[in-house]
Amino acid sequence: MYAELDTLGKRVKYFREQKKLSQAQLANMVLSKDKNTGELRPIDPSVIGNIENRDSKKSQHTAGLAKALGVSMEWLATGEGEPVQTPVRDEPKKDVVSEESAFDYVVIGGSTDYPLVLVDYLDKKASCGGGYVNGEYEEKKGQIAFTVEFLRENKLPIDGDGLVLMHACGDSMGYTIPDETMMLVNRKECHFENMISKEVYTFNADGEMICKRAFKNLDGSITLVSDNTDKTRYPDQIVDKDKFNHFDIFGRVRYTFNKM
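Add 872 to the 1-based position in the sequence shown for this note's numbering, that's all there is to it.
Warning: the hint list may mix true and false statements.
Pairs of lysine-lysine, DSBU-like flavour, derived with a Cα cap of 30 Å [unchecked claim]:
#, residue 1, residue 2
1, Lys1088, Lys1103
2, Lys939, Lys891
3, Lys1070, Lys997
4, Lys1013, Lys907
5, Lys1060, Lys1088
6, Lys1027, Lys1070
7, Lys885, Lys1027
8, Lys907, Lys930
9, Lys1013, Lys1027
10, Lys930, Lys892
11, Lys892, Lys939
12, Lys930, Lys1027
13, Lys939, Lys997
14, Lys1103, Lys1113
15, Lys1070, Lys1113
16, Lys891, Lys905
17, Lys1115, Lys1088
18, Lys907, Lys882
19, Lys892, Lys905
20, Lys1070, Lys1060
21, Lys1012, Lys905
22, Lys905, Lys1113
23, Lys1115, Lys1103
24, Lys1060, Lys907
25, Lys1060, Lys930
26, Lys1088, Lys907
For the record, the hints were derived by calculation from the structure and aren't laboratory data.
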């Protein structure tokens, strides 16, 4: 039945059309790591067009395409064996919860066509002020379930890898991150060379957790800025490169859940 699908491009196009997906829709379901930031982002629709129109025989996105199309990666890559279409919901993961047990969790993201992804909720705080000393060990308060659609829409790892939930305390981040705001933090974004200027990060500075907006300077120093406009109480702090080496970047704040 599939003998005529003798290239990767033909196999991708066949199952994309079977699932009534446009090239843009399929591209949005396949994530790739950005070379500059290390973030996972949807691939460009032109990638799908190139694979199909050029009858490509291989692609660096084969695994992501197989997952999105619900077929065997080996078959998609080689044409050998059977497609073995396996819905994503039938592929349990360690941190994925089935629909049957979804009522046990707080769910963020609305309705979904995929299994829910569990993210650890830590008993940990980062001060939007002078610093907060947490306990010696991280304690997990529980888990909160996210939909794949929510994670994808916000350009987050759709398997939840590296994500944790924690709270902010203090008011130095003003209306951006009010006191007691729950923050979704990506711990994979914890390397100085990949820091994105003007974004908000959490840091462990000499045993104290802080939350600040970070600006990278040409001389290698970092300026930590509070969004609160009262600079008398919350002045900008310039941290030179040597001192910053004693900072542990806990992760980048990717989403906040403010109290209404």
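Going down the list of hints, with the structure as the test:
no.: 1; hint: Lys1088 <-> Lys1103; in the structure: holds (20 Å)
no.: 2; hint: Lys939 <-> Lys891; in the structure: holds (13 Å)
no.: 3; hint: Lys1070 <-> Lys997; in the structure: holds (21 Å)
no.: 4; hint: Lys1013 <-> Lys907; in the structure: violated (34 Å)
no.: 5; hint: Lys1060 <-> Lys1088; in the structure: holds (19 Å)
no.: 6; hint: Lys1027 <-> Lys1070; in the structure: holds (18 Å)
no.: 7; hint: Lys885 <-> Lys1027; in the structure: holds (25 Å)
no.: 8; hint: Lys907 <-> Lys930; in the structure: holds (20 Å)
no.: 9; hint: Lys1013 <-> Lys1027; in the structure: holds (25 Å)
no.: 10; hint: Lys930 <-> Lys892; in the structure: holds (23 Å)
no.: 11; hint: Lys892 <-> Lys939; in the structure: holds (16 Å)
no.: 12; hint: Lys930 <-> Lys1027; in the structure: holds (26 Å)
no.: 13; hint: Lys939 <-> Lys997; in the structure: violated (36 Å)
no.: 14; hint: Lys1103 <-> Lys1113; in the structure: holds (23 Å)
no.: 15; hint: Lys1070 <-> Lys1113; in the structure: holds (17 Å)
no.: 16; hint: Lys891 <-> Lys905; in the structure: holds (25 Å)
no.: 17; hint: Lys1115 <-> Lys1088; in the structure: holds (14 Å)
no.: 18; hint: Lys907 <-> Lys882; in the structure: holds (28 Å)
no.: 19; hint: Lys892 <-> Lys905; in the structure: holds (26 Å)
no.: 20; hint: Lys1070 <-> Lys1060; in the structure: holds (18 Å)
no.: 21; hint: Lys1012 <-> Lys905; in the structure: holds (28 Å)
no.: 22; hint: Lys905 <-> Lys1113; in the structure: holds (27 Å)
no.: 23; hint: Lys1115 <-> Lys1103; in the structure: holds (22 Å)
no.: 24; hint: Lys1060 <-> Lys907; in the structure: holds (14 Å)
no.: 25; hint: Lys1060 <-> Lys930; in the structure: holds (29 Å)
no.: 26; hint: Lys1088 <-> Lys907; in the structure: holds (19 Å)
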